[in-house]
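Given next are the chains, with one letter for each unit.
4 protein chains.
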Amino acid sequence: MSDAKARIAVLGASGYTGSELVRLLLRHPRVEIVALTADRKAGQSMADVFPQFAPFPLPKLGTIDEVDFTAVDVVFCALPHATTQLVIKKVFDAAPNVKVVDLSADFRLSDPGAYEEWYGHPHQALDLQKEAAYGIAEIYRDEIRKARLVANPGCHSSTAILPIVPLLEAGALDPETIVVDSKTGMSGAGRSAKEAMLFSEVSEGIHAYAVSGHRHMGELDQEFSKAAGRPVKPMFVPVLSPMNRGIYATIYVRTTGATAEDLHRILTDFYKGAAFVHVLPFGQVPQSRHVRGSNMVFLGVVADRVPGRAIIISTLDNLVKGASGSAVQNMNLVMGFPETEGLEQIALMP
Amino acid sequence: MSDAKARIAVLGASGYTGSELVRLLLRHPRVEIVALTADRKAGQSMADVFPQFAPFPLPKLGTIDEVDFTAVDVVFCALPHATTQLVIKKVFDAAPNVKVVDLSADFRLSDPGAYEEWYGHPHQALDLQKEAAYGIAEIYRDEIRKARLVANPGCHSSTAILPIVPLLEAGALDPETIVVDSKTGMSGAGRSAKEAMLFSEVSEGIHAYAVSGHRHMGELDQEFSKAAGRPVKPMFVPVLSPMNRGIYATIYVRTTGATAEDLHRILTDFYKGAAFVHVLPFGQVPQSRHVRGSNMVFLGVVADRVPGRAIIISTLDNLVKGASGSAVQNMNLVMGFPETEGLEQIALMP
Amino acid sequence: MSDAKARIAVLGASGYTGSELVRLLLRHPRVEIVALTADRKAGQSMADVFPQFAPFPLPKLGTIDEVDFTAVDVVFCALPHATTQLVIKKVFDAAPNVKVVDLSADFRLSDPGAYEEWYGHPHQALDLQKEAAYGIAEIYRDEIRKARLVANPGCHSSTAILPIVPLLEAGALDPETIVVDSKTGMSGAGRSAKEAMLFSEVSEGIHAYAVSGHRHMGELDQEFSKAAGRPVKPMFVPVLSPMNRGIYATIYVRTTGATAEDLHRILTDFYKGAAFVHVLPFGQVPQSRHVRGSNMVFLGVVADRVPGRAIIISTLDNLVKGASGSAVQNMNLVMGFPETEGLEQIALMP
Amino acid sequence: MSDAKARIAVLGASGYTGSELVRLLLRHPRVEIVALTADRKAGQSMADVFPQFAPFPLPKLGTIDEVDFTAVDVVFCALPHATTQLVIKKVFDAAPNVKVVDLSADFRLSDPGAYEEWYGHPHQALDLQKEAAYGIAEIYRDEIRKARLVANPGCHSSTAILPIVPLLEAGALDPETIVVDSKTGMSGAGRSAKEAMLFSEVSEGIHAYAVSGHRHMGELDQEFSKAAGRPVKPMFVPVLSPMNRGIYATIYVRTTGATAEDLHRILTDFYKGAAFVHVLPFGQVPQSRHVRGSNMVFLGVVADRVPGRAIIISTLDNLVKGASGSAVQNMNLVMGFPETEGLEQIALMP
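Just so you know, the protein sequences line up as chains A, H, U and S, in that order.
Following the UniProt record's numbering, the numbering of the first sequence begins with 1 at its first residue and continues without gaps.
Following the UniProt record's numbering, the numbering of the second sequence begins with 1 at its first residue and continues without gaps.
Following the UniProt record's numbering, the numbering of the third sequence begins with 1 at its first residue and continues without gaps.
Following the UniProt record's numbering, the numbering of the fourth sequence begins with 1 at its first residue and continues without gaps.
I should point out that these hints are in silico values taken from the structure, not numbers from a laboratory.
Wrong hints could be hidden among the right ones.
The list treats identical chains as interchangeable, and a pair is accepted whether it falls inside one copy or across any two copies.
Keeping only pairs whose Cα atoms sit at most 30 Å apart, straight-line, the calculated DSS-like set for lysine-lysine is [to be verified]:
id : residue 1 : residue 2
1  : K41       : K194
2  : K130      : K146
3  : K272      : K60
4  : K60       : K194
5  : K130      : K89
6  : K226      : K130
7  : K99       : K5
If we strip away everything but chain A, and leave its shape as in the complex, we get:
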């Protein structure tokens, strides 16, 4: 690496994952934000849209068309799905050597059929889909290092994949009976003005959503099946909890003979040396607030009262490790920076 800072463009900077990227990148020692876009808010300053940035110098919000991608090293793409694939195609057409970390769902499913099933239309950039690396650094570190395009995973997906994939790979779980109950805070739904997202519709209550099928299921199926070596379709329900940040999955598993302690040992071994995954002592239960604002994942393993059953708990901050933090982590890998650079903030609690 030369001493020059990497030049960053953030496409879609007016949503929460966009602002979270800016929060992290502004304090990252090896990068410089050179372009921010937000089509509907083009012309405004970032401080107009997110007053917390008022004290800091940042480029104005512009349109995607205004960005000169040949003068950019890394593009973070925080745009809605479907439009994303077209935008990224254009970006690579204009600047084939740029690196792209995509926070949308567009390149997460490697099977075009699965994409079509979950997203309701054929993929429009199949070549790119083929080359995209699935951005869970702890599992696909080598692929990501070599990738030009990284598909940052869904927040529910990362939360469940991180503990379950190593256990399936080890053959320790019955893949037929996995149940993932995944609680999430509100910020994961973004910043669009919808009645169902109003304070009075979210606070002081809780409810499941997308019960008959949430798109992150497609990622669980893909990664669980790959790890198990055969098709796996877990039960999965996302639940909206009245809080801003945090995914908290309680995962119910049955083993193929292993004890809960065995599961704990497998995870402890797998994540030895992983900077951002912390496995709690056996039997301890994590809380989402202990990772809030940080790039950490906390994992807990507890024995059920019936031998051969166990509860695995996984929690992360959906805006950090579940989105923008892992995107920065992926950029670090892609760019050859130290993996933890710019991501060392400790959780804010309370």
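The hints should help you fit chains H, U and S onto chain A, whose structure is shown.
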């Protein structure tokens, strides 16, 4: 019934279930509160302890010893478990004809061995345990009508039992694979000053607790096993969500051949005419806020993407239908009052 | 009154004040809801819009044009300001004997000039404006009893007027130095889908709004000036606190010689016998949660450390006593029902 | 400065200001935490008490007696008031050259009489009280640089002093009519297990506290009087808002002739170049969430509708700029580090 109002004593009025009883009973047309106790706060007025009652005339808080139970028709007992059984024994010794609705756990488990296993000591009032009716009116209405002592169920227990018992009785579910993920608000933990219950330890985050074994499991085992006709031990994890009121259980089931629509039909039939249980149209998902402050239970049934699997959702207000509301409902049955009397408040939302 | 129930129409039933009216009226023994309107949601059931009403029989949502006002006794109007005056004009044209309780701002300001100043356009129903009674029952009970049209006051307005008007009338306060800092919950802003009202923009933080001029100021000016006998323009800032319900005003006053105890005595005397205003013992501080869900106002008076200064605290639930509860109270007066009918719910806490 | 890191002891690390110090210091490039104390939790690890620190190496919690202060460069003291003065005396007896930043109230009031009045007992370390610098860096930077002992101010105090002192110094305000309505989040009350601090007693409501006199008033009196050149006793009420972090003061002022724009200009000039104080454009209103987790203060100035009156709004995070962040800022001054070192985190929003 004569025109005279039933005279009520509330033992343990300084906790949240106690104050909720007072809130409901003050507006019940057929009762009169004649005694309130709270040993550690004896001598104070209810308004000192719960300022919302300041405008209303109420007896002072006293000790249990000061209550003349022969001048009381119904005793609500909202005391800690274990001491409760001794107190109720004394109450019946002094006044054998009084009716008791007990909100503690002391008389919920009919098997003395199960009681000892879950509560860690032998039961001290086995005779009373034998005669207690388990207070889920929708299932045990006839037993409750004849009972002198009603054991009001746990809040997690009611939430899961109401939808699952009819399905097990119908033989529609595989009893081996039931998973109950039961989210709760904070008020269920009562009003004791504990660090883990502080605002800053509960808000803006979520976490499971008692993962290796929660006492309400004993009730699930008892009622599920009775309904299934063989021993059932569901997986069950309670999760604390940052809100005051509400239990919200997402229940993962596999059927013995029935479709999800069949499950919905069984529940709709079972609860036809039940004033406090509302089964949503097939596929709809309830929210806890829509029952907050009311005595209602909302049930939803959604098909899983894999045939033979379904998600059942059950929600109620832990302080009302999960505790004090069902206690009043049980009193109505025991006293021959209309079952819905004093319980017709509509949910407060927002 | 005959035994027949009063027939009620609620115009604008799909907002929070509308649903709160329905919550209260469904349990009011002397009324029957015969029409509900919500122009943009016409054709839907109330349960589609507010699932908490699913268990209860209610008319479908329709348009205003579909209502036969000659078959209605009381109209509650919960529509946006400005359109309201035109709607009510039409209602009276069609049915001159109907009673109208208007929850909008359209008829609150008796001076057409003040209306124009605060609302930015000339009033379009000046005759009706003249006959409207200002709906604070505790102050204008007699006018309301005789009125055909009641202008229900703003929520911030009621909160500050109830304690301050009696003190100004008694000549006890310096009218030049009144400061009203009025905290409110989110539900007062209604149910429209705006970015600033999203959970993530409201929770875990606090902020003032409309600092340079909030329309409820017009009501404070009008009522304070009338009470003081000369023009009064208090300082007033509304502040959005992360909660659903509650207005909580801390009011800073200087006296004309009276002590804080004197102020307390004036208020205690003034509200002797008022069912819905509770003056706490001198020096005690109310909390908004102790009136949540009820029609109560709690008032506190505390001496400042400097003689001649005092802090007055007033709190109510913005959706009940601040809107729909006082609207029902006004209907009770207008219809000759007991003033407290249908309004006796005790606060829900927690 | 040599290259060696400054060795830090944190006394009282088991409270929220203690954990916030650890959060900041762990990421401060010029310091190393060598001792953490918490008398009642001595022997535990920091991760036992605050699980968010589990991934990081930290000394075990010990007792104060176990600390060798001669091997320490800076002591942060986050202990209860009154005991603090005795502890710090001992620290300086053992190690006269150590630097102490005290987060308690013990050394904030320079007048022993005022201390006795507000804290109810004579001060026990008058010599130290004399030498202590009052730790608002933006006002007392030079004194702090030279100090051995810095008295970190109260959170309400900093919030009001930062905007008001420059205006009083400029002679722009009538000192007789200042009203400070200061909303605070819960974390300012610390982590003690008290009933009034439970989630269910704090969420979904708001209330004033210490209305008849809060100790931070003593600091306002001291600093306002010094700035005005004559005794000033503002009206001040703290209000608990249901959120974790943030102080939000709405301050009502009358000028001595200046316009609101003049006030804005004075503040803009005063804070030119201040890294942590951001004055918003005239008329704009800050929100507490935009400084959450950061060391920033946001100030807003809005004209009242009556000339000669204005509303000043000041907000900061009570745990950062209101406590541990300003403590680190003071340490930076005392140690000759760059003032912003370790404090450059951007607000976490949402």
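Outcome of the hint check:
1. K41 <-> K194: both (18 Å within a copy, 16 Å between copies)
2. K130 <-> K146: within (14 Å within a copy, 63 Å between copies)
3. K272 <-> K60: For K272 and K60, only the inter-copy Cα distance (23 Å) is at most 30 Å; the intra-copy one is 42 Å.
4. K60 <-> K194: both (26 Å within a copy, 24 Å between copies)
5. K130 <-> K89: within (13 Å within a copy, 66 Å between copies)
6. K226 <-> K130: Classified as within; 16 Å inside a copy, 54 Å across copies.
7. K99 <-> K5: For K99 and K5, the Cα distance is within 30 Å only inside one copy (14 Å; across copies 38 Å).
This entry satisfies every hint, going by the numbered hints stated previously.
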